[in-house]
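Chains H and P supply the protein sequences, listed in that same order. When we follow this note's numbering, the leftmost residue of the first sequence carries the number 69, and every step to the right adds one. When we follow this note's numbering, the leftmost residue of the second sequence carries the number 69, and every step to the right adds one.
Hints were generated in silico from the structure; no laboratory data involved. Watch out, some of these pointers could steer you wrong.
Just so you know, same-sequence chains aren't split out, so a pair can sit in one copy or run between any two.
[Claimed, not checked] Dumping the calculated BS3-like pairs for lysine-lysine here, alpha-carbon to alpha-carbon at most 27 Å:
1. K254 x K95
2. K84 x K114
3. K122 x K84
4. K134 x K197
Protein chains: 2
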Amino acid sequence: MQKDKKIKPVPEPTIKRLPVYLHYLNKARLEGVINISAPTIAGELKLDPTQVVKDLSFTGIKGRTKIGYNIYELIHYLEEYLGFNKTNNAFLVGAGNLGSALMAYQAGQSLGLKILAAFDISADRIGEKTGQVNVLHMNNFGEMVKRLNVSIGILTTPEHVAQEMAEKMIACRIKAIWNLTPAYLKLPENIIVQNTSMYSNVAVLLKRLEESDVVI
Amino acid sequence: MQKDKKIKPVPEPTIKRLPVYLHYLNKARLEGVINISAPTIAGELKLDPTQVVKDLSFTGIKGRTKIGYNIYELIHYLEEYLGFNKTNNAFLVGAGNLGSALMAYQAGQSLGLKILAAFDISADRIGEKTGQVNVLHMNNFGEMVKRLNVSIGILTTPEHVAQEMAEKMIACRIKAIWNLTPAYLKLPENIIVQNTSMYSNVAVLLKRLEESDVVI
DNA sequence: AATATTTAAAGAAAATTTTCTTTATAAGAA
DNA sequence: TTCTTATAAAGAAAATTTTCTTTAAATATT
């Protein structure tokens, strides 16, 4: 348990907002914006201006009073901080609809991840090519991980094989798994798992809708 | 600004965890579990036991010392609380890969939402049927909303038409939008928008991976 | 040049959320 | 029965995150 180092941790909510800023800034840049202030960003994204300042300060960028931030510089700092400028190679397991959606997604624009290949066990999917990405048989997974030195796996299988495939992934030295299945994965402590639960989002939506109905 | 009523608001983190409990409990139930304690749930999902107790208490359920909760009762309370037992009808706009994934998803198991129909503008998608759900032309959206009295829209279009389609949805009296595109939607205050950003999840994953690399 | 205004930055305060502590209760064991 | 133990419940404390306040700097205006 080493936690002596006083590297103040970045709040997770901040980490989640940073890509939202980045996305917005890229759009603004295309519209010709050169300098942009925190209050402007906050106004657009309906956030508190001081929160935007604080969030951005984590990337190390400095703004100028009365001018704001240089948008190119800010984008650079954000990409650098988030690691979106590095190529973070990933393999995708489960080339169904959701998997295909992700492959198509990143074909268009950098999601920070680069899906080098997809894997499946269903014969009729293997050999397909979805938006630049080849679908290979899961049998080749281990070899390909070694060959391309990939450490991130994206899990988009049906739920009932999720645990099994996750285990196969880490047996092949995958270190971090982005789990888009509803399954709760039981894996060793040292494996990083990022769960993206559709359920949770639906739950929040329904609760807010319910609240709004009550308060007429 | 009415906020005199002391209806203590349920923490959003709690709302997001509740469907995770529900999902786990349904699995446990199939394995024959009758009674289950908060520490057991916490152990399985790697959470703090008291947090589980506190979360569950929001649903109004009462547990029994030394026994825990009756699993059927607990599932019932959760479904009731989350509104997952009611049929929450929704229309989906954008029948691409991601849209199809969601349609396929809910075909299998109740996500709390029932997608009654999907809409698109691409001629070759219209008439298709993905997992029980018909794909109709967006021109019919308004009429169908009125006919089936739907108030929830799921947005899975390409980003560049997201704003436009969202506006079309609310013009047709949709009240809540689950936005799965990266677009930040500018809509009237009274519209409920739930953003599910893939970017944010990637960002958290990459940061955690980076941290783990540093601390060898 | 002087002044007013905008804004980033830093720190304090407030709000929220999680974790810890205590208490009460009921089940099982002795 | 009596004692021990597991657990929910309730409240307190701690940690985290957001919002508020103050300060300082730099630009634009007069």
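Which numbered hints are broken by the structure, listed smallest first?
4
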